[in-house]
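This is what each chain is made of:
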Amino acid sequence: MFAHLRRSLARHRAGYLFILPCLLVTTVFFIVPLLMTVWMSFNHWPLLGSSSFIGFKNYLDLLSDESFWGSIAFTLKYTLVVTPAIFLVAFGLALLVNRSVRFVGLFRTAYFLPVVIGMTTASLLWTWMFNDQVGIFSAVLMDLGVIDEPVQWLGETNSALASILVMVLWKASGFTMVILLVGMQAIPHDLYEAACLDGASWWSQIRHITIPLMRRTFALALTMSLIGSFLAFEQFFVMTRGGPFNSTITVVHWIYRASFTYFKLGYGAAMSVVLLLILLAISGLQMYLLRDDHE
Amino acid sequence: MKNNFVLKKLLGGLTASLLSLSVYAQANQELSFWIRASDAGFVEPMVKVWNAKHPNKVVLTVIPNDDFVTKFGTAVAGGAAPDVVALDLIFVPTFAQAGQLSDMTPEAGALPFAKSLSPSHVRLAQYGGKQYAVPFSAESSVLLYNKALFKRAGLDPQKPPKTMGEIEAAAKKITALGGGVKGFYFSGACGGCNIFTMTPYVWASGGDVLSADGKSEVLDNPALRNTLSMYRRMWTDGLIPRGAKTDNGSNFISPFFTGKVGMVGTGAFAIGLLKKEHPEIDFGITPLPGDKGGSSSFAGGDSIAIPAASKHKKEAWEFIKWALSEEVQVEQFAKNGSIPVRSDLADNAYSKQDPRFAMASAAMQAGRTPYSVHFNQLINDANGPWLAMIQEAVFGKGVDAAIKDAQPRFRKILTTP
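Going line by line, the protein sequences match chains A and B.
Position 143 of the first sequence, counted from 1, bears residue number 143 in the working numbering, the numbering being contiguous throughout.
Position 211 of the second sequence, counted from 1, bears residue number 211 in the working numbering, the numbering being contiguous throughout.
These are calculated hints, taken from the structure and not from any lab test.
Ideal Cβ placement from N, Cα and C applies to all residues, glycine included.
One should not assume that every hint holds.
Said to hold, decoys possible - Here are the simulated lysine-lysine pairs, DSS-like style, with alpha carbons at most 30 Å apart:
1. A:57 - B:412
2. B:397 - A:77
3. B:397 - B:115
4. B:71 - B:215
5. B:313 - B:130
6. B:115 - B:215
7. B:404 - A:57
8. B:162 - B:260
9. A:57 - B:215
10. A:57 - A:77
11. B:335 - B:115
12. B:321 - B:115
13. B:412 - A:77
14. A:77 - B:404
15. A:57 - B:335
16. B:260 - B:172
Claimed, not checked - Here are some chain A residues the structure puts well away from chain B; computed CB gaps all over 12 Å:
17. 99
18. 196
19. 216
Turn these sequences into a full structure, and let the hints steer you where they fit.
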């Protein structure tokens with residue numbers, strides 16, 4: 001077996017050398033921390049003081065931790081709302097900018113621009129815009145006579161969630177748009193020409209050519225967006241701090257609290273491992289559902 | 001060959017400069033000093049004075065208030081603790097229990113003014129019979145009121161409320177002025193703000209939040225019920241600006257600056273701030289009252305300590321001694337509108353100029369401070385049980401349900417070792 005490995009190494013030396021830097025980075029910054037996290041999750045590991053091995057206790061505690069499951073439920077709800085929303089907006093935008101009209105480059109850049117801003121910065125910006133005293137939304141709606149007094153956008157659970165949804169749509173749609181745009185442009189142009197000759201309308205071209213041929217791109221875009229939504233933290237941490245009434249605490253926020261407010265790093269690590277497993281399961285299911293039947 | 005020579009020269013130069021750096025460092029130590037953002041106003045000028053006079057320079061790092069415990073805790077765990085730290089007195093037990101602060105019992109006891117140091121600070125600086133910090137800055141909670149609005153509402157500005165009922169009645173009259181004027185304000189999404197400004201009503205009415213030893217909750221008492229009910233009534237009657245619900249403390253005092261808020265519980269720091277930045281507002285301060293009179297205050301502020309991992313403990317202690325001197329406590333702190341932590345300095349040239357400072361000083365001496373190693377999780381955590389209780393009681397399900405929900409959550413945290 002080792003002889004085989006040695007032969008393979010010798011034959012593909014250049015190839016292995018090429019992937020070495022990537023392998024090193026992945027090992028140091030992903031695999032090692034991941035193993036450490038798993039190890040920590042089996043320990044009572046306070047931020048201050050010494051740690052001790054406790055087996056599965058953190059995981060058993062997790063089972064009865066209603067707040068943790070509550071945060072998972074909220075995160076699921078958020079993900080189920082935000083992922084399709086981003087996808088639909090991004091698909092619409094991609095259709096709009098996938099044409100050779102004037103200034104199309106400008107539009108593509110404009111839609112992509114919010115992606116470049118950090119999530120924390122964007123959250124702070126929108127917190128100010130949603131503010132009832134100095135924010136623009138309440139002021140404009142009041143000037144238009146739609147509302148009589150300023151609205152506490154972040155003060156009620158549903159309006160807080162909706163406000164964050166609007167912010168995230170603005171922030172993240174551009175990224176999914178670019179992925180979808182690349183997929184769209186990979187579709188051979190003659191298919192559309194042939195469809196045109198057969199008298200297919202714009203909508204039936206999208207339905208029968210664009211959408212079926214973009215399944216893999218859809219799978220990629222949806223998976224990335226879903227994972228991103230499930231790991232949401234900054235927007236909630238900055239805009240609502242988990243309020244009102246602790247109704248907007250995401251699972252990553254809960255991990256942060258366990259680790260850095262309660263100083264229980266081992267417990268936080270156990271939550272992280274559970275989250276990783278949940279994400280693996282969801283992504284696996286998604287890949288299976290969106291698999292390419294022709295392969 | 002040539003390259004080799006250049007490399008050697010470079011290395012030689014580097015070694016020489018490193019050597020000279022370390023010699024410099026031995027002669028003039030650099031002391032790292034961490035504070036929370038709310039202290040920056042009076043600590044920055046103080047550090048400037050120290051650095052101008054002493055060879056050991058102090059390098060100041062200012063940390064956002066809400067992140068202080070997390071940042072300091074993480075730094076300590078990562079071996080990057082500063083040489084000196086000024087932290088909210090309330091958190092000293094937490095870090096002392098974790099063995100992260102240096103024992104300064106002999107040094108603190110030898111201070112000539114040891115007996116006149118703020119008793120609340122000293123009590124919270126002790127853990128297991130040893131002292132881990134000394135007082136640094138003092139802050140007592142008081143009720144701040146707008147005299148002009150009192151006059152307009154037909155109230156006597158010389159006779160501020162003496163009971164909780166009078167506060168509510170005054171808030172009603174002031175709100176009735178209309179034009180966006182509201183009677184009362186509080187930061188409804190800030191746990192730390194409310195332990196500071198709300199619990200004094202509870203204390204003055206004979207109740208409490210935690211037992212004296214800080215080991216159990218005593219939430220089920222009429223004084224807390226009455227206080228929360230008063231807040232709830234004022235909220236539902238529209239006597240409080242709507243923004244209060246989501247204010248995480250960033251607007252702790254600013255609504256009062258607009259001149260459209262009648263009363264707000266706040267710290268003595270507001271006196272200096274208002275005099276300096278809003279001389280147009282005619283304000284008074286009065287103790288936070290109980291339901292049938294009496295008064296109380298949260299004796300807060302910062303304690304100063306030396307992290308166990310500090311490499312410059314001797315120099316750090318020199319700096320701390322200086323921070324407690326008359327030069328700092330009077331000529332820096334009192335001059336800029338805060339209260340000295342030494343009662344022997346309470347009566348100073350600056351406090352005499354404004355009776356409001358003497359009132360804040362008296363509140364400090366008589367004030368109370370809860371003691372708990374779980375303070376951050378219970379009280380300051382934005383998602384913790386104390387704030388959840390206030391939010392549910394004032395804006396949500398109601399007082400009884402809120403207290404009932406909070407009790408097991410308090411107990412769960414308090415029973416964690």
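Checked hints:
no., hint, result
1, A:57 - B:412, "holds, 17 Å"
2, B:397 - A:77, "holds, 23 Å"
3, B:397 - B:115, "violated, 47 Å"
4, B:71 - B:215, "holds, 26 Å"
5, B:313 - B:130, "holds, 17 Å"
6, B:115 - B:215, "holds, 28 Å"
7, B:404 - A:57, "holds, 29 Å"
8, B:162 - B:260, "holds, 22 Å"
9, A:57 - B:215, "holds, 25 Å"
10, A:57 - A:77, "holds, 28 Å"
11, B:335 - B:115, "holds, 23 Å"
12, B:321 - B:115, "holds, 15 Å"
13, B:412 - A:77, "holds, 28 Å"
14, A:77 - B:404, "holds, 28 Å"
15, A:57 - B:335, "violated, 55 Å"
16, B:260 - B:172, "holds, 14 Å"
17, 99, "holds, 43 Å"
18, 196, "holds, 54 Å"
19, 216, "holds, 40 Å"
When the structure is compared with the earlier hints, violations turn up for hints 3, 15 and for no others.
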